[in-house]
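Peer 1: So the chains spell out like this:
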Amino acid sequence: MIDLLTIFVLAVFVGFEVVSKVSTILHTPLMSGANAIHGVILVGAILITGSAESTLELVLGLVAVFLATVNVVGGFVVTDRMLEMFKR
Amino acid sequence: MTVQLMYLVASVCFVLALKGLSSPKYARYGNFIGAFGMLVAVVTAYLHGVVHNGLWILIAIALGVVVGIPAARSVKMTAIPQMVALFNGVGGAAAALVALAEFFAVPDTTVMFRLATVLTVLIGSVSFSGSVVTFLKLQELMTTRPVLLPAGQQLAIAAGVSSVALCALTMAVPNGFLLWLLAVVGLALGVLFVLPVGGADVPIAISLLNAFTGLAVAASGYVLANTLLIVAGTLVGASGTILTRLMAQAMGRSLANILFGAFKATAVVAQGEEQRTVKSGTVEDVAILLGYANNVVVVPGYGLAVAQAQHAVRELVSQLERRGVAVSYGIHPVAGRMPGHMNVLLAEADVPYEQLKELDDVNPGITSVDVAVVVGANDVVNPGARDEPASPIYGMPIFDVDRAKSVVFMKRSMRPGFAGVDNELLYNPKTTLLFGDAKDSLTKLLAAVKQL
Numbered sequence: 001m002i003d004l005l006t007i008f009v010l011a012v013f014v015g016f017e018v019v020s021k022v023s024t025i026l027h028t029p030l031m032s033g034a035n036a037i038h039g040v041i042l043v044g045a046i047l048i049t050g051s052a053e054s055t056l057e058l059v060l061g062l063v064a065v066f067l068a069t070v071n072v073v074g075g076f077v078v079t080d081r082m083l084e085m086f087k088r
Numbered sequence: 001m002t003v004q005l006m007y008l009v010a011s012v013c014f015v016l017a018l019k020g021l022s023s024p025k026y027a028r029y030g031n032f033i034g035a036f037g038m039l040v041a042v043v044t045a046y047l048h049g050v051v052h053n054g055l056w057i058l059i060a061i062a063l064g065v066v067v068g069i070p071a072a073r074s075v076k077m078t079a080i081p082q083m084v085a086l087f088n089g090v091g092g093a094a095a096a097l098v099a100l101a102e103f104f105a106v107p108d109t110t111v112m113f114r115l116a117t118v119l120t121v122l123i124g125s126v127s128f129s130g131s132v133v134t135f136l137k138l139q140e141l142m143t144t145r146p147v148l149l150p151a152g153q154q155l156a157i158a159a160g161v162s163s164v165a166l167c168a169l170t171m172a173v174p175n176g177f178l179l180w181l182l183a184v185v186g187l188a189l190g191v192l193f194v195l196p197v198g199g200a201d202v203p204i205a206i207s208l209l210n211a212f213t214g215l216a217v218a219a220s221g222y223v224l225a226n227t228l229l230i231v232a233g234t235l236v237g238a239s240g241t242i243l244t245r246l247m248a249q250a251m252g253r254s255l256a257n258i259l260f261g262a263f264k265a266t267a268v269v270a271q272g273e274e275q276r277t278v279k280s281g282t283v284e285d286v287a288i289l290l291g292y293a294n295n296v297v298v299v300p301g302y303g304l305a306v307a308q309a310q311h312a313v314r315e316l317v318s319q320l321e322r323r324g325v326a327v328s329y330g331i332h333p334v335a336g337r338m339p340g341h342m343n344v345l346l347a348e349a350d351v352p353y354e355q356l357k358e359l360d361d362v363n364p365g366i367t368s369v370d371v372a373v374v375v376g377a378n379d380v381v382n383p384g385a386r387d388e389p390a391s392p393i394y395g396m397p398i399f400d401v402d403r404a405k406s407v408v409f410m411k412r413s414m415r416p417g418f419a420g421v422d423n424e425l426l427y428n429p430k431t432t433l434l435f436g437d438a439k440d441s442l443t444k445l446l447a448a449v450k451q452l
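From first to last, the protein sequence lines are chains V and A. Sequence positions in the first sequence follow UniProt numbering and run 1 to 88. Sequence positions in the second sequence follow UniProt numbering and run 1 to 452.
Since the hints were derived computationally from the structure, they do not count as laboratory data. The reader is advised that the hints may include incorrect statements.
[Stated by the list, open to error] DSSO-like mimics (lysine-lysine), calculated; alpha carbons at most 30 angstroms apart, straight line:
{"no.": "1", "chain 1": "A", "residue 1": "K430", "chain 2": "A", "residue 2": "K450"}
{"no.": "2", "chain 1": "A", "residue 1": "K25", "chain 2": "A", "residue 2": "K279"}
{"no.": "3", "chain 1": "A", "residue 1": "K76", "chain 2": "A", "residue 2": "K444"}
{"no.": "4", "chain 1": "A", "residue 1": "K444", "chain 2": "A", "residue 2": "K405"}
{"no.": "5", "chain 1": "A", "residue 1": "K439", "chain 2": "V", "residue 2": "K21"}
{"no.": "6", "chain 1": "A", "residue 1": "K76", "chain 2": "V", "residue 2": "K21"}
{"no.": "7", "chain 1": "V", "residue 1": "K21", "chain 2": "A", "residue 2": "K279"}
{"no.": "8", "chain 1": "A", "residue 1": "K439", "chain 2": "A", "residue 2": "K76"}
{"no.": "9", "chain 1": "A", "residue 1": "K279", "chain 2": "A", "residue 2": "K19"}
{"no.": "10", "chain 1": "A", "residue 1": "K444", "chain 2": "A", "residue 2": "K357"}
{"no.": "11", "chain 1": "A", "residue 1": "K444", "chain 2": "A", "residue 2": "K279"}
{"no.": "12", "chain 1": "A", "residue 1": "K19", "chain 2": "V", "residue 2": "K21"}
[As the list claims (entries may be wrong)] Facing chain V, from chain A, some residues (calculated, C-beta under 8 angstroms):
{"no.": "13", "residue": "Y26"}
{"no.": "14", "residue": "G30"}
{"no.": "15", "residue": "H52"}
{"no.": "16", "residue": "K76"}
{"no.": "17", "residue": "T78"}
{"no.": "18", "residue": "A79"}
{"no.": "19", "residue": "N88"}
{"no.": "20", "residue": "A94"}
{"no.": "21", "residue": "N226"}
{"no.": "22", "residue": "I230"}
{"no.": "23", "residue": "A232"}
{"no.": "24", "residue": "T234"}
{"no.": "25", "residue": "S239"}
{"no.": "26", "residue": "M338"}
{"no.": "27", "residue": "R412"}
{"no.": "28", "residue": "S413"}
Predicted model only: the values in this text are computed from it and were never measured. Ideal Cβ placement from N, Cα and C applies to all residues, glycine included.
Could you build all of it, start to finish, from the sequences and the hints given here?
Peer 2: Pasting the structure below:
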């Protein structure tokens with residue numbers, strides 16, 4: 001348990017650190033990119049569905065897999081489209 | 001072992017992705033690295049964690065891809081903010097569902113796991129319903145103004161208190177019904193939380209909800225004892241919080257003021273409806289004004305993007321430059337519907353980076369600017385934000401275009417801006433109004449300037 005907490009606290013600092021100097025121009029793509037990254041809940045959704053025993057679990061899990069996939073692929077694609085505009 | 005190693009690889013990719021996304025040079029690589037990390041994580045989870053239902057999972061993923069990619073591909077650049085809100089919302093919902101499913105799979109756990117479960121369900125539901133409301137606002141399917149329900153504040157407090165009580169109760173007596181109830185209360189809380197946020201503040205609410213979803217994912221990582229979910233969720237939660245603060249700072253407001261400001265600033269917007277005179281000009285007048293100026297600043301806003309006039313404005317600016325006029329663009333941090341949104345839209349129209357100036361670059365020299373051209377912007381040049389403490393947008397930094405030698409205000413109509421506030425600048429004697437569709441006006445202006 002304490003291991004997980006350690007990871008959590010360290011990740012907080014890393015999260016603060018990596019975006020602390022971002023310019024205004026990149027606020028929107030950064031938000032959108034971070035949005036895609038929390039789509040990692042897809043991993044949780046896959047794990048839970050992969051070991052689901054009851055129909056209820058299966059249904060909840062599959063809906064979660066679907067929604068998380070939309071979050072992931074949509075998030076990365078939309079971010080890329082934004083950033084594409086910036087290239088010279 | 002291998003699984004943990006793969007998750008570590010994915011975590012590192014996510015850190016590098018966020019790092020890359022914060023610098024203009026590496027942003028696109030950053031996004032690729034993030035996507036790569038995600039692929040590694042998902043394939044690892046599938047190969048090692050799936051005992052059964054494998055086919056069902058693949059079908060659900062395929063459906064998600066079929067829905068997600070076309071939506072992301074076809075969305076107009078002007079509608080990006082609401083798309084991000086929507087993607088954020090489904091992520092929050094997914095987190096809440098994962099925690100619910102895990103609860104039904106393993107109902108008997110330790111207190112810490114129950115805490116993580118109730119937090120995931122609560123934050124995930126808030127994030128989902130809040131994001132849906134921001135989507136509706138930005139898509140203008142509902143009013144963009146702050147919505148103040150009668151006793152809305154009391155309702156929000158009641159929902160907040162009952163959600164905390166339900167969390168405590170569910171932890172003491174793990175019960176599926178209570179957890180569902182918590183999800184429902186969370187949904188209500190999300191709606192009540194976002195309804196009073198209006199106008200230019202909506203994007204900041206999205207950013208905050210984004211951070212919320214990150215936290216929900218991190219909490220779900222505890223539920224599943226999965227380090228990757230904890231790391232990635234926390235990264236997004238932390239960076240999202242910082243980003244939200246940066247955005248609020250860019251608007252010169254505190255976060256508390258943005259989220260709860262509307263409760264106090266009750267609809268004071270209902271001003272006297274007397275007829276006031278404005279000065280409107282013809283295309284030729286404006287062309288002469290611009291063609292013989294030395295120094296012009298263009299302040300574009302969301303209206304420019306809606307009219308798809310980015311290219312037209314760039315052509316006009318090039319023409320003016322050929323005549324020796326010095327032109328720059330004043331880009332407000334919240335121009336468009338999201339911080340940095342206007343930069344994206346202008347970059348799409350091949351406007352060179354160097355011409356884009358921020359507030360601090362423009363305002364000090366504004367008195368020597370001959371003409372400030374406001375295209376489809378409103379709130380970001382509203383002197384009320386600077387001078388009238390009663391104004392709902394008071395405190396937001398603006399371009400002081402009222403201090404330029406003259407102002408050309410291109411507007412479709414006298415309708416007020418996104419924040420719904422009347423603009424004193426329109427009645428300023430220095431201001432010439434040019435009514436009409438932005439693209440149409442700009443094209444005519446270009447032709448008129450060429451004639452000079």
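Peer 1: For every hint, state whether the structure bears it out.
Peer 2: Going through the hints against the structure:
no. : hint             : in the structure
1   : A:K430 to A:K450 : 25 angstroms, holds
2   : A:K25 to A:K279  : 45 angstroms, violated
3   : A:K76 to A:K444  : 25 angstroms, holds
4   : A:K444 to A:K405 : 23 angstroms, holds
5   : A:K439 to V:K21  : 36 angstroms, violated
6   : A:K76 to V:K21   : 29 angstroms, holds
7   : V:K21 to A:K279  : 44 angstroms, violated
8   : A:K439 to A:K76  : 17 angstroms, holds
9   : A:K279 to A:K19  : 49 angstroms, violated
10  : A:K444 to A:K357 : 26 angstroms, holds
11  : A:K444 to A:K279 : 19 angstroms, holds
12  : A:K19 to V:K21   : 10 angstroms, holds
13  : Y26              : 10 angstroms, violated
14  : G30              : 7 angstroms, holds
15  : H52              : 7 angstroms, holds
16  : K76              : 10 angstroms, violated
17  : T78              : 12 angstroms, violated
18  : A79              : 10 angstroms, violated
19  : N88              : 5 angstroms, holds
20  : A94              : 4 angstroms, holds
21  : N226             : 6 angstroms, holds
22  : I230             : 5 angstroms, holds
23  : A232             : 4 angstroms, holds
24  : T234             : 4 angstroms, holds
25  : S239             : 4 angstroms, holds
26  : M338             : 5 angstroms, holds
27  : R412             : 25 angstroms, violated
28  : S413             : 28 angstroms, violated
The structure does not agree with the numbered hints 2, 5, 7, 9, 13, 16, 17, 18, 27, 28 stated previously, though it agrees with the rest.
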